[in-house]
Amino acid sequence: MSVPRFWRELDTRYNLIGSYCKITKTYHYPRRSFNPKAGRESIGSMKDYQFKGIGKIVNSTVVYQAQTGYEMFGPYCMAIVKLDEGPMMTTQIVDCDPNKVKPGMKVKSVFRKLGEDSESGILHYGTKFILSEDIEVEEDNENLPDIEV
Amino acid sequence: MNGIVSYGAYVPCHKIETGEIASVWGADGSAWAKNLNVYSKSVSGPDEDVITIAVEATRQAMKRGNLNGDHIGAIYSGSESHPYAVKPTSTIVAEAISATPNLTAADFEFACKAGTAAIQTCLGMVGDKQIENGIAIGVDTSQGAPGDALEYSASAGGGTLIIGSKNVIATINDTTSYTTDTPDFWRREGQKYPRHGGRFTGKPAFFKHVISCGMMMMERAGTEAKDYDYIVTHQPNGKFPIRAAKTLGFTNEQFETGLLTPRIGNTYSGAIFLGLAAILDIAKPGDRILAVAYGSGAGSDGFDITITDKISKMDRSETVEDMISRMKIVNYATYAKYRGKLNMGATK
Amino acid sequence: MREVSIIGIGITKFGELWDKSLRQLGLETGLAAISDAGIKSKDIDALYIGNMAAGSTLQQEHVSALMADYCGLTNHNVPATRVEAASASGGLAIRQAYMAIAGGFIDIAVVGGAEKMTDVSDSESSYTVSMGSDEQWESKAGATFASLHAMMTQSHIEQYGTTREEMSAVSVKNHYHASMNPIAQFPFTVSAEAVSNSGLVSSPLRMLDCAPNSDGAAAVILCATEKAKKYSKKSIKIIGSGQASDTLSLHHRQHLNQMPAIRVAAKRAFKSCGKKVSDLDLIEVHDNFTISEIIALEEIGIFRRGKAAAKILEGETKLGGKIPTNTSGGLKARGHAPGATGIAQVVEVVQQLRGEAGDRQVKDAKIGMVENHGGTAATAVIHILESE
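Protein chains in written order, with this note's numbering: chain P, 1 to 149; chain Z, 1001 to 1348; chain X, 2001 to 2388.
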């Protein structure tokens, strides 16, 4: 992705900035200057809105043949997430066993590296999601010896 | 008085055990673990780096402090593993907390104490009323060369302190530094892994600076070890900080809370921030903390800190301990994959 | 509005055509179609080219002029137009020619589709295919094209109880059909067990649920029906045409297990000719993944929603069944060369309606439908063909 093409949408990616349509009272992500459901009237009525970054899994899949740039994750979980405010987005669910992600699970946004242009190119950062409730039994961390003094 | 307005921390959710690393090199894992007093270390994921960790820690600090971007006048990020050689980490953090454009920002490098130099800079600017609040960040995702002693400890993590004059949860009563030219550890431009002087990193480097700085700090503050509830120092392994604290006259109870390296490894610039965050997670009003950072090359920054009443009202959930207890074990193969230790060759 | 007929067809073998370039493929099929139609180059009023990806796979845009040039049509300065709608490029190119002839602007058009997917690495061709979805908010976020269809599949499973066995039946059936099609990339049968045990691509989709990224080309000659008899004795009429679009991103749809654009395009196509589902003798659908064939059959109305998969397993869509589907082998087994696919589908139905489909001939085939879509069905185009 070229530098300006990424830079133009920085806040949409970093801070989940989308739009709120004052006419239909609906939320949109990514940012739109026009609400297709409200038509021309919506131009000028779309207000920037920062999503809270919490939502639910609508559906998910475990990707075994990785997308270009995602090879180091394989296998990884891709999901369609419905944000609390309404809109849906496609996102990777990280920091979890991808096979345990199921529809209805609650998720929250995290700031992660999305990729890079090349080894010498610009780095792309943005939003991914993690499960917001721990689905596994906590591991035992008590096996550490006392600190030797 | 000026001091800490808020704080945040971040530890990645993967870890590798010392024994697993040792087994790859045919080394004695339990001997290494015991020798370094490091039993596991945090491992950042393939989509995590200094910038993402800095953003997560800073967002936690902003949320805890009920602050928004307009309150922030400066961001200084200290690290020796900034993803860019040229292009600041700090501007990305600024954008990610919506603090742009009315602020100043820069990245610092002073081995493992770049972040505490950022604290001192913020203190100066707040004291001079140039800014309302300044953000100091210390984060690293440093790497040890495979098989090198550093590989058993070099880990990932870091924290953020927001320095200001209003609503401080902890006053920074005073700060002082001890700096010399001591080449104990370095990384040349363009090199992937750092090099070090072996045992030279000990007595003439870490111990001399940390102990001298700690003594200077207490002398300036007119305090003794017993006046403090906690001490936290830089912790390149699990042994050095214990020996330094004991030399300065501190006891187990005073240093154990801030000593995280045995479980998460050496987070370099992040170490003192994480140790301090772990203390702030449980500290009570009136508690006094001595913090002494160390950066190779070499220098130490000391801080004399007192907790205020304001800390009782702060939401201190999602503690450093919570993050550590979330860490899941990965094997060496996964670690090598996550940390870019696999040579993939050119694909294009 | 004038009636429009197909008077000539041409198609290459689909697959890994290492020794053939895009322009060679275009020329081969163009010449074959022209010879089949019995026309001369001076008779050609326009050229339409379906091509999805020459820009990203070959760094070559302006494919319309390239094809006109290498097919010898620049001597007559034949107007050439490239049409792009991801994997629906071919079907849409036919529709453009159809409208131009029906509208009376021209009499004869060559419609060709060609794609070279093997001149780039597997990861590059896969990325190219995923450009049919939203590159910025799907592909770049880590979603492969297969992963989007995997979520459609998962959603279909959750709502309708679609089974692994039923999905595998789609692939088994299409491979069986391809075993009788000489131009198919995979002209052999596979067992249900082989499909169900093939490697996971994106759960629950497995390798043999997914169509390949192929090289290939196909061409048809469209002619005003009133003039068709002058050239061909075996012309096939395009009696219905419909097209529809939908949101580019899957995540902006109300239901993940539906493809509304196909439903609307089918409705429009049926309406344009006054036909209904029960009039169809055979159908070619866009089975880039097994789930796509299942959903397409439901959207068109061949089966009720949630019932298609079971009917496929029962054999209703197999040659000799109630409604033979993808007798060519479909995208799965004939092969999928994005810009050529929509035209190759029409070539198959023309062969069936002419009675020239050999071992895979559908008995007494009179009316056939072609469903071609792009992306996750953000564009759908449907044609209904009838023998004269």
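Each hint should be verified, as a subset may be incorrect.
[As the list claims (entries may be wrong)] Between beta-carbon pairs, the in silico distance windows are:
# : chain 1 : residue 1 : chain 2 : residue 2 : range
1 : X       : Glu2193   : Z       : Trp1025   : 19 to 25 Å
2 : P       : Gly86     : Z       : Asp1174   : 38 to 44 Å
3 : Z       : Gly1345   : P       : Ser33     : 40 to 46 Å
4 : Z       : Ala1333   : X       : Gln2024   : 41 to 47 Å
5 : X       : Arg2305   : P       : Ile130    : 52 to 58 Å
6 : X       : Glu2356   : Z       : Ala1333   : 54 to 60 Å
7 : Z       : Trp1025   : X       : Asp2119   : 58 to 64 Å
[What the hints assert, rightly or not] Quick list of in silico lysine-lysine cross-link-like pairs, DSSO-like style, CA-CA up to 27 Å:
#  : chain 1 : residue 1 : chain 2 : residue 2
8  : Z       : Lys1313   : P       : Lys52
9  : X       : Lys2267   : P       : Lys37
10 : Z       : Lys1034   : P       : Lys113
11 : X       : Lys2042   : X       : Lys2267
12 : P       : Lys102    : Z       : Lys1328
13 : P       : Lys108    : Z       : Lys1284
14 : P       : Lys113    : Z       : Lys1087
15 : P       : Lys82     : P       : Lys52
16 : Z       : Lys1313   : P       : Lys113
Note that these hints are calculated values from the structure, not bench results.
Just so you know, even glycine gets a beta-carbon here, dropped at the ideal spot from N, CA and C.
- Message: Could you work out which of the previously given hints the structure breaks and list their numbers from low to high?
- Response: 1, 2, 5, 7, 10, 11, 13, 16
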